[in-house]
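Produce the complete structure using the sequences and hints provided.
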Amino acid sequence: MSHEMGFKIVAEGIETEKQQTLLTDAGVQLGQGYYISRPVPLGELIDLLEA
0 MSHEMGFKIV
10 AEGIETEKQQ
20 TLLTDAGVQL
30 GQGYYISRPV
40 PLGELIDLLE
50 A
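Counted from 1, the sequence shown has number 39 at position 40 by numbering that gives the first Met the number 0; the numbering is strictly sequential.
Among these hints, one or two may not hold up.
In silico SDA-like cross-links for lysine to any residue, where the CA-CA straight-line distance does not exceed 20 Å [to be verified]: (1) Lys7 with Gln19; (2) Lys17 with Ser36; (3) Lys7 with Gln31; (4) Lys7 with Asp24.
Derived by calculation from the structure, the hints in this document are not laboratory data.
Quick look at the structure:
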């Protein structure tokens, strides 16, 4: 229903590859969690974004 309304779906707290796969297969477009990246200090984040 949310896709039909034009909303993007964001999943939070993804911790495993299996969770990521299930969510992707279900049509979830965006996600965050330890599986994608652990928290990083601001300086490291800036370096990652500039790379």
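Hints, one by one, checked against the model:
Pair hint Lys7 plus Gln19 holds up; C-alpha atoms about 16 Å apart against a cutoff of 20 Å. For the suggested pair Lys17 and Ser36, the alpha carbons sit about 16 Å apart, so the restraint of at most 20 Å is met. Note on Lys7 and Gln31: the hinted pairing holds, with a Cα-Cα distance of about 14 Å set against a maximum of 20 Å. The suggested pairing of Lys7 with Asp24 holds, with an alpha-carbon distance near 14 Å, which does not exceed 20 Å.
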